[in-house]
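Participant: Given the structure of chain A, go ahead and fit chain B onto it with the hints provided.
These are the residues of each chain, in order.
Protein chains: 2
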Amino acid sequence: MTTNSVLISEVGPRDGLQNCQAIMPTAAKKRWITALAAAGVKEIEVGSFVSPKLLPQMADTGEIVRHAIEIPGLEVAVLVPNLKGAQLAVEAGAHKITLPLSVSETHSLRNIRRTHDQVIDEAKAISDLIQTLPEERRPHFEGSLSTAFGCTLEGPIDEAVILRCAERLMAAGCDEVGLSDTTGYGDPMSMKRLIRAVRGVVGAENLTGVHLHNTRGLGLANVLAAYEEGITTFDSSLGGLGGCPTAPGASGNVVTEDLVFMFESMGVDTGIDLEALMATRELVQAALPDEDLYGFTPRAGLPLGFKGAPVPVAAE
Amino acid sequence: MTTNSVLISEVGPRDGLQNCQAIMPTAAKKRWITALAAAGVKEIEVGSFVSPKLLPQMADTGEIVRHAIEIPGLEVAVLVPNLKGAQLAVEAGAHKITLPLSVSETHSLRNIRRTHDQVIDEAKAISDLIQTLPEERRPHFEGSLSTAFGCTLEGPIDEAVILRCAERLMAAGCDEVGLSDTTGYGDPMSMKRLIRAVRGVVGAENLTGVHLHNTRGLGLANVLAAYEEGITTFDSSLGGLGGCPTAPGASGNVVTEDLVFMFESMGVDTGIDLEALMATRELVQAALPDEDLYGFTPRAGLPLGFKGAPVPVAAE
Numbered sequence: 360m361t362t363n364s365v366l367i368s369e370v371g372p373r374d375g376l377q378n379c380q381a382i383m384p385t386a387a388k389k390r391w392i393t394a395l396a397a398a399g400v401k402e403i404e405v406g407s408f409v410s411p412k413l414l415p416q417m418a419d420t421g422e423i424v425r426h427a428i429e430i431p432g433l434e435v436a437v438l439v440p441n442l443k444g445a446q447l448a449v450e451a452g453a454h455k456i457t458l459p460l461s462v463s464e465t466h467s468l469r470n471i472r473r474t475h476d477q478v479i480d481e482a483k484a485i486s487d488l489i490q491t492l493p494e495e496r497r498p499h500f501e502g503s504l505s506t507a508f509g510c511t512l513e514g515p516i517d518e519a520v521i522l523r524c525a526e527r528l529m530a531a532g533c534d535e536v537g538l539s540d541t542t543g544y545g546d547p548m549s550m551k552r553l554i555r556a557v558r559g560v561v562g563a564e565n566l567t568g569v570h571l572h573n574t575r576g577l578g579l580a581n582v583l584a585a586y587e588e589g590i591t592t593f594d595s596s597l598g599g600l601g602g603c604p605t606a607p608g609a610s611g612n613v614v615t616e617d618l619v620f621m622f623e624s625m626g627v628d629t630g631i632d633l634e635a636l637m638a639t640r641e642l643v644q645a646a647l648p649d650e651d652l653y654g655f656t657p658r659a660g661l662p663l664g665f666k667g668a669p670v671p672v673a674a675e
Numbered sequence: 360m361t362t363n364s365v366l367i368s369e370v371g372p373r374d375g376l377q378n379c380q381a382i383m384p385t386a387a388k389k390r391w392i393t394a395l396a397a398a399g400v401k402e403i404e405v406g407s408f409v410s411p412k413l414l415p416q417m418a419d420t421g422e423i424v425r426h427a428i429e430i431p432g433l434e435v436a437v438l439v440p441n442l443k444g445a446q447l448a449v450e451a452g453a454h455k456i457t458l459p460l461s462v463s464e465t466h467s468l469r470n471i472r473r474t475h476d477q478v479i480d481e482a483k484a485i486s487d488l489i490q491t492l493p494e495e496r497r498p499h500f501e502g503s504l505s506t507a508f509g510c511t512l513e514g515p516i517d518e519a520v521i522l523r524c525a526e527r528l529m530a531a532g533c534d535e536v537g538l539s540d541t542t543g544y545g546d547p548m549s550m551k552r553l554i555r556a557v558r559g560v561v562g563a564e565n566l567t568g569v570h571l572h573n574t575r576g577l578g579l580a581n582v583l584a585a586y587e588e589g590i591t592t593f594d595s596s597l598g599g600l601g602g603c604p605t606a607p608g609a610s611g612n613v614v615t616e617d618l619v620f621m622f623e624s625m626g627v628d629t630g631i632d633l634e635a636l637m638a639t640r641e642l643v644q645a646a647l648p649d650e651d652l653y654g655f656t657p658r659a660g661l662p663l664g665f666k667g668a669p670v671p672v673a674a675e
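Protein chains in written order, with the working numbering: chain A, 360 to 675; chain B, 360 to 675.
Read the hints as simulated data drawn from the structure, not as lab findings.
Worth double-checking, as some hints may not be accurate.
[To be verified] Derived pair list, reagent style PhoX-like, types lysine-lysine, alpha-carbon separation capped at 25 angstroms:
id: 1; chain 1: A; residue 1: K551; chain 2: B; residue 2: K443
id: 2; chain 1: B; residue 1: K443; chain 2: B; residue 2: K412
id: 3; chain 1: A; residue 1: K483; chain 2: A; residue 2: K443
id: 4; chain 1: A; residue 1: K401; chain 2: A; residue 2: K389
id: 5; chain 1: B; residue 1: K401; chain 2: B; residue 2: K412
id: 6; chain 1: A; residue 1: K666; chain 2: B; residue 2: K483
id: 7; chain 1: B; residue 1: K666; chain 2: A; residue 2: K551
id: 8; chain 1: A; residue 1: K443; chain 2: A; residue 2: K455
id: 9; chain 1: A; residue 1: K443; chain 2: A; residue 2: K412
If we strip away everything but chain A, and leave its shape as in the complex, we get (with noise of 0.2 angstroms):
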């Protein structure tokens, strides 16, 4: 089931610096996108278009998509909350587009005020919108199923309700369906139960990839039976930016350095060098002097002889 190498898709730009106080620059963002793009980092969520009033650390959205498809050979995803976000994505040039649908119905009313009936109908107006481009500026449509694995407001989430959402995304148009533990609930075997359990619906190709926190410290353990169980895309932040927590070490997302470091000492390659992710830390630093970056990797230091995963050899 598990694949010699993975993709790693940093959110530190989106999901990341959407949770911050303090607002990156433009001209900041745009750097450290360069940077981990020539790190290696193949994907990046490099912003979402909600509203700049909502949240200002993403109002430069627009200029940073124009920026980072620039980049050669870099895959610019974005967060969009409805088919508004979606029309300004799409006139961005991003290439892939993300549209979260909360599994706990309490929660989607609460965070963006619709039921589920109402996403769903964001999702299919989202893939009319794309319907209608021309084919190679499509962008590719997630449909991401958050707090898959349980939710602050209604606990666990019954596993029929979350396959019937992953139905109705694919239903509605979107490729593929992600999974997502906004609220760091899951476990190595609840990872394993759901990931097979919505394949089970949507197919093994349609959920290819993860989201997921380290709110209890798990993360990495979590993504390990993801792995194991074929997920092959890795979402994670630098730094672990974004967890803006009260309490040191208490990152929200799964920390880019420390999730690389696994994969490349596991010998699964992750085409990122990183040494060069690492540097990009001071750039985030300079950016953000209040923001405190975690990650134990890049404390304690690369072991003695580390090489890293060979990269794998194209099968004729």
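Facilitator: Relative to the frame of chain A, chain B by itself:
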């Protein structure tokens, strides 16, 4: 290969405290150990019999052992570096003795000024001592292969060397061997590979426990890999005590609270009441006010609706 219960061996009073600057008062150690046992911790490494000049934090180990063995049902473990330590452990009445053998001979020489041959001689002498005791007073004797996943001085250690050390410890009279990732160099793949290899030479029943560090954030992922490989005993330290890091979050030992949370979430019984376990942090913090305690779960709190694992029903 997996089981529905595991043994968590708390090493905070030994591995934790011996790496802290401050010395925990004897009375506080006793209260902490009593509270840990009351929370359901079934095995505690309570100290080490080493020179009090080298490790004044461990000077009261004899008294601590004599206290701990009065707690019903608690397995009382100690670390010893040599025959002299084992004699003191036996006199105090410890149930389990662990002798570390660093598979990196460079590390062994620097750390305890002994070659592999010399450590094996100590193991034989300890085994001979144990054989002189009446059967009901014989402690369980473990040889722990430290730096098994790599050494900060030598880098990766040749697997043949590790297997030879494991065989020699068993031949010297150890009841079992353990694997220690002293340096936090291990990853899930190396974990599985080395467990299989060592079990291949000593038998699966003679390698049941691992002692893992969280130096690069992979602690729980490595625990998961070891569990999947059939390992059933896991060392960890309350609050990650013992890392004594210069940077926040960079604890050394796997954090007991997060480890218990992971297994209980997975439906794997630890026998430990997580709330009661987390409450013992206050005892430690009161006794060591300058020490940082780590752990994600204590800060985030338990998930809404969290029930923990069902208690396994013993087979008839």
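Participant: Given the hint that B/K401 pairs with B/K412, does the C-alpha gap stay at or below 25 angstroms?
Facilitator: violated, 30 angstroms
Participant: Compare the distance between the alpha carbons of A/K443 and A/K412 with 25 angstroms, and conclude whether the hinted pair is satisfied.
Facilitator: OK: A/K443 and A/K412 at ~15 angstroms, within 25 angstroms.
Participant: Decide if the proposed pair is consistent with the structure: A/K401 and A/K389, CA atoms, cutoff 25 angstroms inclusive.
Facilitator: Distance of about 15 angstroms is within 25 angstroms: holds.
Participant: Between the alpha carbons of A/K551 and B/K443, is the straight-line distance 25 angstroms or under?
Facilitator: At roughly 49 angstroms apart (the allowed maximum being 25 angstroms), B/K443 and A/K551 break the hint.
Participant: Within a Cα-Cα threshold of 25 angstroms, do A/K666 and B/K483 meet the stated pairing?
Facilitator: The given pair, whose Cα atoms are some 38 angstroms apart, is violated under the 25 angstroms limit.
Participant: Given the hint that B/K666 pairs with A/K551, does the C-alpha gap stay at or below 25 angstroms?
Facilitator: holds, 19 angstroms
Participant: Can you confirm whether the C-alpha distance between B/K443 and B/K412 stays at or below 25 angstroms?
Facilitator: holds, 15 angstroms
Participant: Measure nothing beyond the straight line between the CA atoms of A/K483 and A/K443; if it is 25 angstroms or shorter, mark the hint as holding.
Facilitator: holds, 13 angstroms
Participant: Straight-line Cα separation of A/K443 and A/K455 no greater than 25 angstroms?
Facilitator: holds, 15 angstroms
When held up to the earlier numbered hints, the structure conflicts with 1, 5 and 6 and fits the remainder.
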